[in-house]
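As you go down the protein sequences, you meet chains A and B in turn. Here the first sequence is numbered in UniProt numbering, starting from 1 and rising by one per residue. Here the second sequence is numbered in UniProt numbering, starting from 1 and rising by one per residue.
To be clear, the hints were calculated from the coordinates, so they are not data collected in a lab. There may be inaccurate statements among the hints.
What the hints assert, rightly or not - Pairs of lysine to aspartate or glutamate, EDC-like flavour, derived with a Cα cap of 20 Å:
1. A:K24 - B:D37
2. A:K66 - A:D122
3. B:K4 - A:E43
4. A:K141 - A:D88
5. A:K90 - B:D37
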Amino acid sequence: MALDQSFVGRSYPPTDPYEVGREKIREFAEAVGDTNPAYTDPEAAKALGYADVIAPPTFVFSITFKAAGEVVQDPQLGLDYSRVVHGDQKFAHKRPVRAGDRLTVTSTIEAIKSLAGNDILDIRGDVHDETGEHVVTAWTKLVARAAEKA
Amino acid sequence: MTAKISYDDVEVGTELPAQSFGVTRADLVRYAGASGDFNPIHWNERFAKEVGLPDVIAHGMFTMAEAIRVVTDWTGDPGAVVEYGVRFTKPVVVPDDGTGATIEVTAKIGAKLDDHTVRVDLTAMSAGQKVLGMSRAVVRLA
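Start from the sequences, fold in the hints, and give me the full structure.
Given below as structure tokens:
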């Protein structure tokens with residue numbers, strides 16, 4: 001069943017702050033096998049001009065995707081999450097995420113489409129730090145595949 | 001903020017050093033823990049097959065994280081990545097055979113933009129199939 005178009009443009013309240021920790025960045029960098037010292041060595045990060053270690057470019061997805069979960073699981077929207085696959089992902093960084101950031105995410109439904117029985121949902125997550133500075137925006141396209149005919 | 005590569009030293013078509021990245025089941029378990037994405041299609045073969053997949057598949061975000069390393073290793077400064085977007089076209093299938101899968105990433109300069117930025121066009125392949133489509137990064141060079 002096609003999703004309700006009236007949800008397009010809807011924004012959800014900002015999430016509680018997520019505090020980015022040095023060790024979480026280290027864990028993520030190790031998980032993707034990336035040995036760039038800017039992720040683990042504060043001195044190396046400072047040499048590049050940053051106040052503390054920075055996170056890999058895709059790190060923030062863990063935070064924005066959790067925030068998007070509030071949209072995806074909104075019972076009024078009625079998305080069948082068991083059939084969802086990740087279609088596209090994009091990030092636009094104002095600056096890299098760094099250790100010590102306290103980040104909040106505001107999720108907005110940008111588009112809802114129905115194509116060949118698939119529901120396609122575009123969610124934008126705007127990420128701000130504790131000073132209100134815009135850090136990064138993440139665009140996530142989710143596709144709920146059509147259910148097989150019974 | 002201090003990329004090692006100079007804007008003036010690159011042209012449209014300049015290739016970045018290509019890289020191959022291995023991915024095993026253990027890598028996926030580690031990534032699940034680090035990212036918080038515990039979807040069983042990334043670690044449970046029985047579940048993956050029940051939902052119609054050929055086998056366990058890598059997180060799309062894992063593949064996305066590997067592909068950008070071709071750019072961040074080249075610039076030296078991961079914070080120089082201004083934009084990065086991909087389309088997940090095919091899954092990376094990760095068999096439990098002790099070897100896993102390989103993700104092969106190539107990249108070249110697609111356009112020179114304003115403000116010392118360039119667009120890098122990325123291609124990621126696994127088992128002969130393109131796993132990322134429309135994969136592009138905008139990077140600020142020195």
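List of violated hint numbers, smallest to largest: none
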